[in-house]
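Number of protein chains: 2
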Amino acid sequence: MNDIFLRACRGEKVEYTPVWLMRQAGRYLPEYQAVRAHVDFLTLCKNPKLAAAVTLQPVDILGVDAAILFSDILIPLEPMGMRLEFSDKEGPLLSEPVRSKSAAEKLIIPDVEEDLPFVFDTIRVLRKELEHKVPLIGFSGAPFTLGTYIIEGGTSRNFLHTKKLMFQNSSVFGYVMEKITDTVTSYLAAQIKAGAQAVQIFDTWAGILSPADYKKFALPYAKKAISELRRAGVPIIYFVNNCAGLLKEIRQSGADVTGVDWRIDIGEAVKRLGKKCIVQGNLDPCALFLPREKLEERVKDILWKGETARGHIFNLGHGVLPQTPVENVTALVEAVHTYGRAK
Amino acid sequence: MNDIFLRACRGEKVEYTPVWLMRQAGRYLPEYQAVRAHVDFLTLCKNPKLAAAVTLQPVDILGVDAAILFSDILIPLEPMGMRLEFSDKEGPLLSEPVRSKSAAEKLIIPDVEEDLPFVFDTIRVLRKELEHKVPLIGFSGAPFTLGTYIIEGGTSRNFLHTKKLMFQNSSVFGYVMEKITDTVTSYLAAQIKAGAQAVQIFDTWAGILSPADYKKFALPYAKKAISELRRAGVPIIYFVNNCAGLLKEIRQSGADVTGVDWRIDIGEAVKRLGKKCIVQGNLDPCALFLPREKLEERVKDILWKGETARGHIFNLGHGVLPQTPVENVTALVEAVHTYGRAK
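Heads up: the sequence lines are chains A and B, in that order. Read in the working numbering, the first sequence has 262 at position 262, and its numbers run on one by one without any break. Take any residue in the second sequence, note its place counting from 1, add 1000, and you have its number in the working numbering.
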């Protein structure tokens, strides 16, 4: 098996910089579209055979160094008692957002293995299929990010409901966050038990917080989950979107690898995370619309700067966009493999 | 006249930290709502008597140290040939977005004094009304931010049209940006000529760029406008929203004052901008939902850290939200005036 990704996560010597891409399985791939023509998104997430099939597509098509479970960050919210829908226009919608003590009391800390069997079944199918290929990454939304969905009822512009709860009723906010943190922890532990060889925690919305608020209302919960997952013995990646102002705090997360979005120079990010960090990122997903030559220049620049860290895993700074030409994604993976340095 | 704001912009000695707030005239004020009950947003912007009246409201109600012209960053786009509408749900909409050479050729560099007389009339009315009160700030969208509206046709999630034009047709992108830059420059020069005593350039969307792209596709145009406005002799404030990863580049803008959003610690921002900087910001607008005591703690923290710069003008990190309780905004201004330090 190609274990270069896992070795890079552990800060071990690697022959070249490994690469995988957030949303590498997704709408930009015609093979994915073909599957989605017959099933909606949530049905696909819950069907182990189909979810495994789309997980494998980019491994075969792109030649990436890791597979990531096809699923959604919001999946653990359903067994917590939230009703989840995906609208094509407005994105995820959760009915009855939680903004009061009584609503918070109704939130369930689920038995994830019982309630989300399809996730662990998908992982088991995938581990067999990937046996001689690449490692499998499991994932979950981070506690704060899941909290925003539970409190807002979907995505938001200003996240005012979340911040109002934080600021005006911090005990209810903390109570919600503790329930989510327990859920995330057992969810990721069960993914690891089923066979996930690394996990990524996506803090998609923590970047809306000031550093002081991040430190108080988001970081402690991510940190707690990470510390409890530590004993499972697999690498933990923590990705905060829009992280540029938060890196001093993120540095305390305890994760093995820190994912970085594209709005900061990766060399600067390494400086703020400390040279002992292992960093993942950080090409702008829109850079996949550059002409090949210019795309390669950017890849080289990120590889060069990534070298200042103890380890570097190449990735985008956010997910592949649906409009992206597949050949450019292939070219990206090739370029990383061509120019990625031994370490 | 209370000229403490202007002196702070110039790095001169001040008795306390001056404060004004982005969107201090707006929907959170019942007095503003009363005016808007009779006219739509764009009509209000174009009526000098009414626009002046709402500009003055926060000066009287809050006691801020500066007034800012009531208008919209997109106003200069209409005489450039774009049709502008404000939809309550989707925000600003511009028909026929510019994404080709032929469309770019049709963009007009307007005679702003002829085409936007209401702006300069409003400024003249305001200067009389403000004579013994506070200085008047004029403003415009920054070239890049206006470019995104022209190219996207409104706001956007990923700004893919803008980045595609940047990446795939940089000469057309540059051509559009030059026309916008000329427009912004003459628009702000005419505001100054009419009586604006300082100007703020809002780069609301530059924070979607990687530092390398910001340096190439946004900064040069802002810099050019700033350098040409220099000779007008009034302080120039440059505000980039979501600036945390871009401060090393923003430092080169040539502006007198740098506005900073709330997603970075203002002390960290000063470190990256250099201690000779004059900084403006940076309270999270949602912090106006905190209980008074906690709001005051945050104010003190920002004032304390702002002191590390050569000068500090207190502001929010973004505009006042419509849902904000007026009494909290008043409390904020009072707190800044109570705890703001002599310098």
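Certain hints may be false.
[Unchecked claim] With a Cα cut of at most 27 Å, we get these calculated DSS-like pairs of lysine-lysine:
(1) Lys1089/B with Lys89/A
(2) Lys101/A with Lys1294/B
(3) Lys294/A with Lys1224/B
(4) Lys1276/B with Lys294/A
(5) Lys1276/B with Lys248/A
(6) Lys248/A with Lys1193/B
(7) Lys1101/B with Lys1216/B
(8) Lys1271/B with Lys276/A
(9) Lys1276/B with Lys164/A
(10) Lys248/A with Lys1101/B
(11) Lys89/A with Lys1164/B
(12) Lys271/A with Lys1271/B
(13) Lys305/A with Lys1164/B
(14) Lys1193/B with Lys1223/B
(15) Lys1106/B with Lys248/A
(16) Lys1223/B with Lys1248/B
(17) Lys305/A with Lys1089/B
Everything labelled a hint here was simulated from the structure, so no lab data went into it.
Checked hints:
1. Lys1089/B with Lys89/A: 13 Å, holds
2. Lys101/A with Lys1294/B: 22 Å, holds
3. Lys294/A with Lys1224/B: 26 Å, holds
4. Lys1276/B with Lys294/A: 36 Å, violated
5. Lys1276/B with Lys248/A: Holds, because 23 Å separates the two Cα atoms, which is no more than 27 Å.
6. Lys248/A with Lys1193/B: Between Lys248/A and Lys1193/B the Cα gap is close to 45 Å, so the pair fails against 27 Å, i.e. violated.
7. Lys1101/B with Lys1216/B: Given that 27 Å is the threshold and the Cα spacing comes to 20 Å, the pair holds.
8. Lys1271/B with Lys276/A: 23 Å, holds
9. Lys1276/B with Lys164/A: Not OK: Lys1276/B and Lys164/A at ~36 Å, beyond 27 Å, violated.
10. Lys248/A with Lys1101/B: The given pair, whose Cα atoms are some 44 Å apart, is violated under the 27 Å limit.
11. Lys89/A with Lys1164/B: 23 Å, holds
12. Lys271/A with Lys1271/B: The given pair, whose Cα atoms are some 14 Å apart, holds under the 27 Å limit.
13. Lys305/A with Lys1164/B: Between Lys305/A and Lys1164/B the Cα gap is close to 25 Å, so the pair holds against 27 Å.
14. Lys1193/B with Lys1223/B: 20 Å, holds
15. Lys1106/B with Lys248/A: Not OK: Lys1106/B and Lys248/A at ~48 Å, beyond 27 Å, violated.
16. Lys1223/B with Lys1248/B: Distance ~14 Å between Lys1223/B and Lys1248/B Cα, so the pair holds.
17. Lys305/A with Lys1089/B: 42 Å, violated
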